[in-house]
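Student: Sequence:
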Amino acid sequence: MASNRRGNASASGQRGRNASNETRTRTTERFKWTYEQERKLIELFDEAISMSIIVSKILRLMAEYM
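Here the sequence shown is numbered in our numbering, starting from 1 and rising by one per residue.
These are calculated hints, taken from the structure and not from any lab test.
Beta carbons: idealized from backbone N, C-alpha and C, even for Gly.
Hints may contain errors.
Stated by the list, open to error - If you anchor each label on the Cβ, the simulated ranges turn out as follows: (1) THR34 <-> SER56: 31 to 39 Å; (2) ARG39 <-> ARG60: 28 to 36 Å; (3) ILE53 <-> GLU29: 34 to 42 Å; (4) GLU29 <-> ILE49: 24 to 32 Å; (5) GLU29 <-> ILE58: 41 to 49 Å; (6) LEU61 <-> GLU38: 41 to 49 Å.
Use the sequences and the hints to build the structure in full.
Tutor: Okay, structure coming up:
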């Protein structure tokens, strides 16, 4: 009986692995980025970083004058 259990467990484990691969494939297919989307994301990150640097400089200057 123990051998049957092991056989069933490995078979279900194999199915589980295949299911996760299929899910991963579907997910990556659905969320592929176009060149324009990637470009826009990079631009937005650049703007956010620039704004953060500017704000930190302003705060530092304000702290010096207080």
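Student: Now tell me if each hint is right for this structure.
Tutor: Okay, the hints, checked on the actual structure:
1. Restraint check, THR34 to SER56: a C-beta distance of roughly 33 Å satisfies the suggested window 31 to 39 Å.
2. The hinted range of 28 to 36 Å is satisfied by ARG39 and ARG60, whose Cβ atoms lie roughly 32 Å apart.
3. At roughly 37 Å, the beta-carbon separation of ILE53 and GLU29 lies within the given 34 to 42 Å, and the hint holds.
4. About 31 Å separates the C-beta atoms of GLU29 and ILE49, a value consistent with the hinted range of 24 to 32 Å.
5. Between GLU29 and ILE58 the CB atoms are about 44 Å apart, so this pair conforms to the stated range of 41 to 49 Å.
6. A hinted range of 41 to 49 Å for the beta carbons of LEU61 and GLU38 is inconsistent with their spacing of about 35 Å.
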